[in-house]
Each structure stands twice: as C-alpha cells, then as structure tokens.
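We have chain A already, so just place chain B on it with the hints.
So the protein lines, in turn, are chains A and B.
Residue numbers in the first sequence follow our numbering, run continuously in steps of one, and reach 233 at the last position.
Residue numbers in the second sequence follow our numbering, run continuously in steps of one, and reach 1301 at the last position.
Please note that a few of the clues may not be correct.
[Claimed, not checked] Listing some non-contacts, in silico: residues in chain A with all C-beta distances to chain B over 12 Å:
id, residue
1, 36
2, 65
3, 87
4, 156
5, 167
6, 173
[Stated by the list, open to error] Short derived list, chain B residues pointing at chain A, Cβ under 8 Å:
id, residue
7, 1115
8, 1117
9, 1120
10, 1121
11, 1124
12, 1125
13, 1151
14, 1155
15, 1158
16, 1234
17, 1237
18, 1278
19, 1280
[Unchecked claim] Here are the computed distance ranges between Cβ atoms for each label pair:
id, chain 1, residue 1, chain 2, residue 2, range
20, A, 36, B, 1225, 32 to 40 Å
21, B, 1266, A, 142, 28 to 36 Å
22, A, 63, B, 1176, 37 to 45 Å
23, B, 1232, A, 196, 26 to 34 Å
24, B, 1270, A, 138, 44 to 52 Å
25, B, 1277, A, 95, 41 to 49 Å
26, B, 1058, A, 136, 52 to 60 Å
Calculated from the structure, these hints are not laboratory results.
Note that the structure is predicted; figures quoted are calculated from it, not measured.
Heads up, the beta-carbon is just placed ideally off N, CA and C, and yes, glycines get one too.
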Amino acid sequence: MTGGNGDTPGETPDDAQLDVFRVDAHAVNVRDLMARTVADLYSHLVTRPTGRAVRLAIESQLEEMERPALSLVDFSSVSILDFSCADEVVAKLLLSLRDGGVGGNAWVLFQGIRDFHRDPIEAVLDRHRIQAVLQGSGGGAELLGPVHPMDLELWIRVEEAGRIARTDVTGGLLRSADDEARLGQLLRNRLVFRHPLKGDILALSALSRELAPVSPPAVAPPSDATDSSGEPS
Amino acid sequence: MNVVEVPPSLDYRTLDRLFQLAGTAVEGKTLLDARHLRWVDPVGMIGLLGIGRVIRDRTGEPAILHLPESGDVPGYMARMGFFAQAEGIFASIRGATPRRGARPSDVLLEITPISENRHIHELVERVQGRAGAILSRTLRYPPSAVVHFSVILSEVCGNILEHAEAPGWVAAQTYHWSKRLGRQVLVVAVGDLGRGFRGSLTPEYAGRYGDRWGDATALEAAFIHGLTRFPDQGRGQGIQQMRKQVRRWDGVMAVRSGTARIADVPDWEDLPPLEEGLAPFPGAWITLLLPAAVPEPEGGR
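So here's chain B without its partners, still in its complex pose:
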C-alpha cells in the first residue's frame, strides 16, 4: 500500500509538499495518513479533495483518508463541509468524522463545488450576508468591498467553467495570523482538476513561444499579459481585474498550475513571484490572501 503522510499543517505553504508525495502513488491502494494533522485551511482541504480525485483516477482505487482520532481539526473540516464533498472521492475516511453540527456555522464559505453556471449564482447570493459582515467588521474594508469580493469570486469561479472544463471547488474562511501578521486574514481557495493554464493556452500560443513554452510561460501569458485561448478581445480581463482589486487590499493572489506558480506578493508575504519545477499536478489552484486593513492612527489626518 502507498502511504502518503499529510503534513501536520496543511495550507497554501505546505500543499506543494503533499502534491509531491501524492505523485508517488502510481498504482495500488493508497493511504493518506492525516492522523497528525493539526491545522488545515481552505487551501489544504480543497487540496486534499483534489489529491483524492487524482489518486482515484490514476490508480483506479480511491484512497483511504485517515484523520486524527480527536481534536479540533475533524470538527472544523465538518463545518467547512469537507465530508459532504469527500463522498465518492475516498474509499473510506477513518478517525473522527463528525457530521456538520446544528449550530450556526462561523464559516464564511463552506467548500462549494463549481461545475455549472448556477453554482456561481448561488455562491454569490450566499456570500452576500456573511461576507458583508466579515469584510466590514473583521477586515475593516469599506462597505463597497462586499461587491468587489463577490465580483472576484464570480470571476475566479467563472474561470473554472470557461477554461478548466472540469469541476472545481471554492472555499473561504478568516483567520487571525497573530504571529505572522498580527491581523485577520481572509483565505480564499479555488481549485480544479481541469487542463490547467498550459493546456488551455497551448493550441493558440505554444508556437509563438517556441522552446520557452511551458507551465511558467503559460502562467505569465495569462496572469501578466491577459492572454486567453479565445480570440475575443474582451476575454482575459477577469484575472487582470482580480489582481488589481487584490492589490488594492494589499493581498496575495497566487496561481499554481502544472509545475509552476505565479503570484502577486505584497511586502508582508515572502512567496516568490514565480516558481518553477514544482511537482506536477493537474488543473489550476488559486489562493487569495486578503489581510485586514490597518486602522489609521487616531487623531491623524
């Protein structure tokens, strides 16, 4: 049996490691050993779902996921809707697997599948109330931010339908990054198992780039230059507009596809702007980190 050890902390910084380890499970049964998992965010949870799907499709056998027997993590995963989405992806889930509780959820956006136009409409509808409160009270963004946030969600999920041609997921939650930043941060994760940026752009652009063509150049083409596979001039602006809005909020926008990742990174984050040579993984994986606004000093003008 392939045993893939899930890191104790599974988030946007450690998911690459898990993608790499999961790549070793080529055939036969696989155990995703998450018994030591102590921290997982939306990026990690969606990543786990993606890894489960890839292992199932590659080996023909769904993996077994072993979660901690106790602790906060399984309960939190239940509140994020992980177990509902995991059905059919894993052969079984061992350890504590609480069902979603009856108490009101504190989650901004549970893991939500995106495969049809209506899912995006429902998503935008759903976040209005919760996002409004969190963006204004927790992140201290202006009231108009809820509209901008909804537009970002719509555009990023629209990319799944338009370009990936495969189902994906989205989830979001706020955390207090006391050590790293001393502020609340909204983490938004969007992932799909589609053809990725390189696959989407290759028919139109690979020839123009010649030997330089690869995952990194495909990401640069879309992320920096706004290119898409569609000849229509109106396409490709979604990512550009998302970048613009995320920069206004001093946030991070990172896109991982194939073996590369590209990112807009503010001063407070140390992700490199471009990474190559990562473990290959299908689809596109987008992370947005939106920090709380820094309050202006009292009495200042």
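In isolation and in its complexed conformation, chain A is listed as follows:
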C-alpha cells in the first residue's frame, strides 16, 4: 500500500515499476460536483440535463487520471434522485465504463445509497439489464440490478472473501466448469477487480479499503479530486 501518487523524489526503480499497477481512488461527492458543474443553488439530483452534466464531469475527471481508478461515487448528500438523473449518473456511467469509455480503466463503487435512492437506481439498472456495486455505511457491499443467481453467488463469494489469491482462484473460488466464464463476465462488467500483476481477485469494497484505509466518508470530503492512491499489495 502506498500513500501518495508515486511521484515522490527518491523512488527506487522497483517502486517505479510497481507504479504501473497502482490504482487511484477517485472520490466523487455528487452534490459538490453538481454545484460546480450545473449550479451551486441546486441541491437535488433531478432532470436529465443535470444528470448528464454530472456524468460528463465524472467521466472527464476519470479520463484525466493517469492510472486505473476506482471511482467512489457518493450519494450521501443527495436527498432527491429522479429516474432521469439515475439513468445518467448510474446507468450510463456504468455502460460507458463497460464499453471501454473514459479510458477503459475505471471501476465504480456507489456509496451513501439510502432507501429512497434505490427505486430509481434499481429501475435504471433493470431497464439496461446491468448491475452496480453499492457499498453501505458498514463497509459491506451488495450487487444491485438483474443478475443470474449463479453470477450473484460467485460475486458474493468474492465479496465475502474480499481478496482471493491467484493460487486460490481455480481451486477455491471457481467451483464449477461455468464459474470461469461467470468470473470473466463479472470482470468484464467491472463488478470485481483482478490485480493486474498478481492475478488476485478483489471485491470492489475490499479494493476501496486497501486504497483508502479510512472508511469511506459518510460526509464526503470537500473536494472530489483524487484523494488517495495506492497499489493493492
């Protein structure tokens, strides 16, 4: 685990090599982002133009990141979320990542989701037949959206383990002939993370903990800029 962006003087060559595999944690406070991109008077995430502006701002920030990034999109300060905004900020963002947009090198973990956010988010996930990973205040995560029961079971095994070493993937995580294809699907849909160097499989919640040892903020930081980075060890 490293604490900075890896550009500190005095790095050893080994550090520089490892740097290639570092992942940035990209914290997004949706309400702050909305205030800066749409208007600072608005406090609710409503209307499609607003949602589109917020999504484009997130994508723009992710595109500027030099390394792979886990985007922690925090809804805790959003009190109203309508379906049009959920379609833009959740569904279209996920589709863009899945389809190789924003550099094709980012994952998203939605945080601060409350009961009244769930209806619009579930509706747009259903509509697009996609899934999203949501992290609760306790740190645990859930997979929301239409999912095959066997895919869900595999995802839960990853989530419960947090990290599965490469040597344990074949004999431990994958328990049937179909599991390998299912894991491939979870990886393609960016619902779990594979360590690019070691081949370990990480739940996104576990990845977020490794990148930001302090629990995800209930009250988001004042800036939505990159606030931590590190190498999943």
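Frame of chain A; chain B shown alone:
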C-alpha cells in the same frame, strides 16, 4: 366577436368541453365568458391559460377573459398565481381580479411556468416543505412520500423540456372530495402547448403502426409501452415509473394529447382508460389525482 362560455365548474372533467368550445374561435376577437365560474381547480386554471395562448396564436388577437364580479373564485385564482401567469396571454381580464394577498398561501404549488431546467430544480426545492406537511398530515402518506412526489413532479415536468419543446405550466392543490370520495385528494395539473405525443413520436414510429397511427396509438406507445423518440434505451421510463408510483397511492394518472386521452384509473374513478375523438388541442395535458390513504381500522392487525 366569438363568445366562449366557460362552464360553471372547470376541472379535469369539464376542461374537454372548454377545449371544444374554444376550437370554434378561429378568427377575430374572442371573449372567454367565465362570469358564471363557481369552481376551478389547477387543471382548469392551466387549461384556461392554454386556451388563451392558443386563441392568441390562432387568431392573432388575445382573448378577453371575463371572471365573476365577486365570490371566492377570483381570490382563489389570485392565490394560485393565475393572474401573474395570465399577463400577455389575455387582452384584458374583467371582473374581480384581486392581486395575491399578503397572507400566507394555503396553496401546495402555485401555477409555475416550466421552460428551463432551473425551473424544475426550483420547483422541487419549493415543494419540499409544503408537500411534506400535506402528504403526511392531509393525505396520511408515509414520510418517504415527499421524495416520491418530488420525483414525480420532476419527471413530469422534465417531459415538457425533453419532448414538448414548448413552455408549460404545473400547479397542485388539495381538496376535500366529500361527495365523490369522502377523502382529501391532491390534484396535480401539468400542461404544455408543444407538439404532443403524436408529434413527438411520429418520425420514429408512424411507419411501424401504418394506418393505425394516431393520437391514441401514440399515447398507448408512450404510456403503456414506454416508447420515446430517442433510440436510447434509458428513455421512456419516467412515465412508467410515475404510473407505478401513482398506482401505489391508488391514484389516477391521465394524459390528454391531440384528440385522445389515456388513463390509469382506480376503482373509485370512472374515467375511461382510453378516449378518442376529443376536440383537438395542442400539447400534452397531464392530470394526477392522489387520494388520501384510507386509515387502517383501529385494533386491526
């Protein structure tokens, strides 16, 4: 001069009649004679504004609106913000035209124009306090209802910006329907003078429907099947989600566009689910009727 007589009661049930009568004013001066108006709700008031705009644009001359000389109706229209919105639409308004009083308004949502994204944000912001109290105390909805109601307002008004491409209005108020239902009912009216459902969907879908294409099929396509003019799969869900929420509240959602109206209707209301052959009128006119929850019997489990 064309004289269009406004019915004594102007609401979601009688507005069609006024649309029909207003259609006869093709040229020349027009008088909207509302001297016998005794009851008007948000649907009626927004309808009057729409009719005024259509007459002005069609004949080139703004109509004269004649309201009752006295009584409660002009005062109520003032509290709903009707006169502020009517400026520029009517040549003159005769009868009693009180300005909005200084006393706190009992209105849930005054007539509010919708033509820009910021209007919807302001609207959602404004209803939070008032809607919270009315939905929980008057309609006995759970505390979460204020969020669902705000989402509905946002979606329904968002449709004006996304599909109508013309300005519209929204207004809401609660009434006690003692005779018809014995309960409080929240009436929400949203209307615009845009291209309507048929106009919005024709380029994409008219060919697929062939001879069956018309106002009713366009409404069915959007209301029942969630189709929109956008190829994007994420579009069209706003109406579906509104219908779902309104059904949870045992309410009515009716959409009138062109010459047809489609509606989700609970047992307590007798609107037909689909009407065709209505008087043509531009835009889309949406009515939501949300009744108070029926209290559970005491001691029951």
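Does the nearest C-beta of chain A fall within a distance shorter than 8 Å of the C-beta of residue 1125(B)?
-> holds (7 Å)
Return the status of the interface hint for residue 1278(B): holds when the least beta-carbon distance to chain A is below 8 Å, violated otherwise.
-> violated (29 Å)
If you take the shortest Cβ to Cβ gap from residue 1158(B) to chain A, is it below 8 Å?
-> holds (5 Å)
Verify the interface restraint on residue 1151(B): the C-beta must sit less than 8 Å from at least one C-beta of chain A.
-> Because about 5 Å separates residue 1151(B) from the closest Cβ in chain A, which is inside the 8 Å limit, the hint holds.
At the C-beta level, are residue 1232(B) and residue 196(A) separated by a distance inside 26 to 34 Å?
-> Since the Cβ atoms of residue 1232(B) and residue 196(A) sit about 33 Å apart, the hinted range of 26 to 34 Å holds.
Is the nearest Cβ of chain B still more than 12 Å from the Cβ of residue 36(A)?
-> holds (15 Å)
Interface hint outcome for residue 1124(B) [beta carbon to chain A under 8 Å] = holds (5 Å)
Distance restraint evaluation - residue 1277(B), residue 95(A), Cβ atoms, bounds 41 to 49 Å = holds (42 Å)
Satisfaction of the residue 1155(B) interface hint, Cβ to chain A closer than 8 Å | holds (6 Å)
Would the least Cβ to Cβ distance between residue 167(A) and chain B come out above 12 Å?
-> The claim stands: residue 167(A) keeps its Cβ more than 12 Å from every Cβ of chain B (closest is about 41 Å).
Was the hint right that residue 1121(B) lines chain A, CB cutoff 8 Å?
-> holds (5 Å)
Consistency of beta-carbon spacing, residue 142(A) to residue 1266(B), with hint 28 to 36 Å = Because 34 Å falls inside the window, the suggested range holds.
Comparing the model with each numbered hint stated earlier shows that hints 3, 7, 18, 19, 22 do not hold.
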